[in-house]
Amino acid sequence: MRDVAIIGIGDTKFGELWDSSLRRIGIEAGIAAISDAGISGDEVDALYVGNMSAGRFIEQEHVAALIADYAGLTKNHIPAVRVEASGASGALALREGYLSVASGEYDIVVVGGAEKMTDVGDEDITNIQAAAMDQEWESVFGATLPSLYAMMARRYMHEYGATREQFASVPVKNHANAAKNPKAQYRRAIKPETVLNATMVADPLGMFDCAPNSDGAAAVVLAPMEIAKKYTDTPIRIAGSGQASDSLALHQRRDILTMDATVYAVRRALKQAKKEVKDIQVAELNDNYTISEILALEDIGFVEKGKGAEFSHSGQTAIDGRIAVNTSGGLKARGNPIGATGIAQAVEIVRQLRGDAGERQVDGAQVGLTHNVGGTGATAIVHILEVA
Amino acid sequence: MKTGIVSYGAYIPRSRIEPAAIGQVWGIDGAAMGKGLMVSRKSVPMPDEDTITISVQAARDMMRRAQVDPAEIGAIFVGSESHPYAVKPTSTIVAEAIEAAPHLTAADYEFACKAGTAAIQTSMGLVGSGMMRYSVAIGADTSQGAPGDALEYTAAAGGAALLIGTEKDRLIAVINHTYSFTTDTPDFWRREGQMYPSHGGRFTGEPAYFKHVVTAGKTLMERIGTKPEDYNHVILHQPNGKFPTRAGKQMGFAPEQLKYGLLTPEIGNTYSGAVMLGLASVLDVAKPGDRILMVAFGSGAGSDAFDITVTDEIEKFPREKGTAVRKMIDNYTLIDYATYAKYRGKIRMRE
Amino acid sequence: MGSIPRFWRENPSRYNLVGVKCENCGRVFFPPREICPVCHRESIGKMKRLALSGKGTVYSYTIVQDAHPQFEMLKPYVLAMVEMEEGVKITSQIIDVEPEDVRIGMKVEAVMRRLGAEGNSGILHYGYKFRPVNEQE
Numbered sequence: 001m002r003d004v005a006i007i008g009i010g011d012t013k014f015g016e017l018w019d020s021s022l023r024r025i026g027i028e029a030g031i032a033a034i035s036d037a038g039i040s041g042d043e044v045d046a047l048y049v050g051n052m053s054a055g056r057f058i059e060q061e062h063v064a065a066l067i068a069d070y071a072g073l074t075k076n077h078i079p080a081v082r083v084e085a086s087g088a089s090g091a092l093a094l095r096e097g098y099l100s101v102a103s104g105e106y107d108i109v110v111v112g113g114a115e116k117m118t119d120v121g122d123e124d125i126t127n128i129q130a131a132a133m134d135q136e137w138e139s140v141f142g143a144t145l146p147s148l149y150a151m152m153a154r155r156y157m158h159e160y161g162a163t164r165e166q167f168a169s170v171p172v173k174n175h176a177n178a179a180k181n182p183k184a185q186y187r188r189a190i191k192p193e194t195v196l197n198a199t200m201v202a203d204p205l206g207m208f209d210c211a212p213n214s215d216g217a218a219a220v221v222l223a224p225m226e227i228a229k230k231y232t233d234t235p236i237r238i239a240g241s242g243q244a245s246d247s248l249a250l251h252q253r254r255d256i257l258t259m260d261a262t263v264y265a266v267r268r269a270l271k272q273a274k275k276e277v278k279d280i281q282v283a284e285l286n287d288n289y290t291i292s293e294i295l296a297l298e299d300i301g302f303v304e305k306g307k308g309a310e311f312s313h314s315g316q317t318a319i320d321g322r323i324a325v326n327t328s329g330g331l332k333a334r335g336n337p338i339g340a341t342g343i344a345q346a347v348e349i350v351r352q353l354r355g356d357a358g359e360r361q362v363d364g365a366q367v368g369l370t371h372n373v374g375g376t377g378a379t380a381i382v383h384i385l386e387v388a
Numbered sequence: 001m002k003t004g005i006v007s008y009g010a011y012i013p014r015s016r017i018e019p020a021a022i023g024q025v026w027g028i029d030g031a032a033m034g035k036g037l038m039v040s041r042k043s044v045p046m047p048d049e050d051t052i053t054i055s056v057q058a059a060r061d062m063m064r065r066a067q068v069d070p071a072e073i074g075a076i077f078v079g080s081e082s083h084p085y086a087v088k089p090t091s092t093i094v095a096e097a098i099e100a101a102p103h104l105t106a107a108d109y110e111f112a113c114k115a116g117t118a119a120i121q122t123s124m125g126l127v128g129s130g131m132m133r134y135s136v137a138i139g140a141d142t143s144q145g146a147p148g149d150a151l152e153y154t155a156a157a158g159g160a161a162l163l164i165g166t167e168k169d170r171l172i173a174v175i176n177h178t179y180s181f182t183t184d185t186p187d188f189w190r191r192e193g194q195m196y197p198s199h200g201g202r203f204t205g206e207p208a209y210f211k212h213v214v215t216a217g218k219t220l221m222e223r224i225g226t227k228p229e230d231y232n233h234v235i236l237h238q239p240n241g242k243f244p245t246r247a248g249k250q251m252g253f254a255p256e257q258l259k260y261g262l263l264t265p266e267i268g269n270t271y272s273g274a275v276m277l278g279l280a281s282v283l284d285v286a287k288p289g290d291r292i293l294m295v296a297f298g299s300g301a302g303s304d305a306f307d308i309t310v311t312d313e314i315e316k317f318p319r320e321k322g323t324a325v326r327k328m329i330d331n332y333t334l335i336d337y338a339t340y341a342k343y344r345g346k347i348r349m350r351e
Numbered sequence: 001m002g003s004i005p006r007f008w009r010e011n012p013s014r015y016n017l018v019g020v021k022c023e024n025c026g027r028v029f030f031p032p033r034e035i036c037p038v039c040h041r042e043s044i045g046k047m048k049r050l051a052l053s054g055k056g057t058v059y060s061y062t063i064v065q066d067a068h069p070q071f072e073m074l075k076p077y078v079l080a081m082v083e084m085e086e087g088v089k090i091t092s093q094i095i096d097v098e099p100e101d102v103r104i105g106m107k108v109e110a111v112m113r114r115l116g117a118e119g120n121s122g123i124l125h126y127g128y129k130f131r132p133v134n135e136q137e
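Chains as they are written, first to last, in my numbering: chain A, 1 to 388; chain B, 1 to 351; chain C, 1 to 137.
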């Protein structure tokens, strides 16, 4: 298998993009990535698109072909692949694109992630997101995605004595970071009180413990390492890619306080990259709910199980902390257009490793990690990126 | 062949609303209304409860005590005036829920408040003729009272289930006789498609309730040669607390005889569930040899009367495996009219 | 019409908590599975139907304020993960209790309630919810 590098990145602003359709944002991100890579459309061998649920959000399936079409790539009739793993659709698209280049099947591949959520009402969005869970044995009985994460949070508080104050450190940090990110959905810092006094969604998670509904798209261009330097002075190597699955229903997991899929995915990625957790300076973790970022810190191995809340609360995950987590603002503040998130995470790490992260820059960032989760942890995908 | 009761079960929802809370909304002295009707509060089902869930709860309560293989049940009949479907029976869902399906017959009954007792009579015929070993009769309701109407103070929710068998099995009570008095009397009705029932006001008294209940009770006693003092317990249909008290007097019974079977003052009128819940309440405390007279009344109109004797078997019967009716009556939480209207679907929601 | 067969098919498990027990290793699964995820091929033909007792304890819970439209009438309601006597965990609502009185470790038992309806003219769905067990019973 060949070494693969990211040679170009692009993203739209994330938020409620009333004026933009799915095809419009998909193309915007794709064209930005291609320009950034300095390639022409004719050089693209294949397109991978991560998207969770265009079929229900905009009643449109077959979206990879759609985006290839509107990106002007129909002339060359390139293969276009839509990839879905609920919240991890973006990262899975990246992995599939990566494997296609590493295997030698394609050379230049564009991998995008896009989601258009706001064309339907909030109630519909909640219902559509429920498809990430077990419909028959969770949703039908009244479970919502936040309610399942809330049960993890409740049990975590019960077993480790963590408090909502400690949990609140996650969205506070993420909003502070997003304030420095021009592409973020929410660009204002918030106080802990805002998190603690927010309207309850599913106790103990309130509105500020939950990522928003967003529209947005992001894209990267992949190329084999051996030709990457032709296109860019700062190719970023995909050193490791790991994926794992687990039972769909949360109640069937071995332990609801450990996402085994994350544990296995990171193990596989680290092994391939020949790295250890301590080698990583910057990480984009899947914070769809505050408890998810805390569990991710533990499951990846930045801190031991049960100590994640305190680790976060004591500032260890700030830009200048021991491990800079979610410098982009994370899902919470940068936004979470579901299929785009996994790619947006890669885009942020590439910016960090290139030294292009502006006010969010982590000094001396050489190795970064992205962590993307589907549903309540039935899929987890970890990528390790490093300066080539 | 003698037929009777092998087991019984009951269920009453937990919420209650008081007459004062209802009267306040409609500009009436609700407390006085409640006093006049002899009803202190009535039971209200939760939004996720209905006649099907109540029937299932009562039937499962009955099966917990029964020590009977559900596959031996040959029939299930559920009587109600508030079946969730106009077409698609409650009884088939009950059958699946107690694992009695599929080798049995089932049907739903309607006869206002005496649909459950009609099911008892059918069950007696089916098992007594040797056609099957057991038959289940359930009376359950989540009746609606029109907003502001007198019935809104009493229309309540609850249900009870009886497992009917023959003397070939262990009967905790033998149904010695049943007699019915039935006429075409339009005292209370609900047209297809209407949400609320209508009634004839004072016409529901003398020509309807009293004529049928008293005639049925007296005629049964005449035919079998019993006197009022022969009965330890008397259960009369109870649309409020007043009617059965008066009817009991007219028939020559003392108030103490009605005590255990009169639940309406504390839970409201559970319609098809009413006398059957009264019977369950009596069976909770009955002793071997106790004689019971039960007279149901259904508007439209008819009365089913039953003469029942409790056997020695009741001492060995595991009543504690189910829930006592008294416990369900006493275990409640009060709600206000707004909550009641929301639970009962009386608020017009967006389509 | 809604989806009729999809719901009808699961009624045995939703009405009567019918799961399955692997006779090879003794593990119980709910809902039923064709093959034991631990024993794999050795479990073929050895998966025995088992109705759960309905008794369990609360493993975790939450109070849902923001609900799917079909649960509007019930909010706020308690959603819980119940650890059944047989070892499996189930996701369901806790009813007949004040939300503030729910505790991890609380004993509960399954009852049948209406889970939902397909609009005003569609099929009604029934299934399990849990209520606290009265200790003095």
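No wet-lab data here; the hints were simulated from the structure.
There could be a bad hint or two in this list.
Computed cross-link-like contacts, SDA-like style, restricted to lysine to any residue with a CA-CA straight-line distance of at most 25 Å [unchecked claim]:
(1) 55/C with 159/A
(2) 88/B with 57/C
(3) 55/C with 69/B
(4) 75/C with 123/A
(5) 21/C with 70/B
(6) 48/C with 346/B
(7) 327/B with 48/C
(8) 342/B with 85/B
(9) 346/B with 74/C
(10) 75/C with 121/A
Each hint tested on the structure:
A hinted pair counts as satisfied when its Cα atoms are at most 25 Å apart, and residue 55/C with residue 159/A qualifies at roughly 23 Å. A C-alpha spacing of about 35 Å is found between residue 88/B and residue 57/C, which places the hinted pair above 25 Å, so the restraint is violated. With a C-alpha separation of about 21 Å, the suggested pairing of residue 55/C with residue 69/B holds against the 25 Å cut-off. Proposed proximity of residue 75/C and residue 123/A is supported: the alpha carbons are some 14 Å apart, at most 25 Å.
Simply put, residue 21/C and residue 70/B have alpha-carbon atoms about 22 Å apart, close enough for the 25 Å limit, and the pair holds. Between residue 48/C and residue 346/B the alpha-carbon distance is near 46 Å, which puts this suggested pair outside the 25 Å criterion. Distance restraint check for residue 327/B and residue 48/C: the Cα-Cα separation of roughly 38 Å exceeds the 25 Å cut-off, and the hinted pair is therefore not satisfied. With a CA separation close to 20 Å, the supplied pair residue 342/B and residue 85/B stays within the 25 Å bound.
Restraint check: the Cα-Cα separation between residue 346/B and residue 74/C comes to about 15 Å, which is no more than 25 Å; the hinted pair holds. Proximity of residue 75/C to residue 121/A is assessed by CA-CA distance (about 19 Å); at most 25 Å being required, the pair is judged to hold.
In terms of the numbered hints stated before, the structure departs from hints 2, 6 and 7, listed from lowest to highest.
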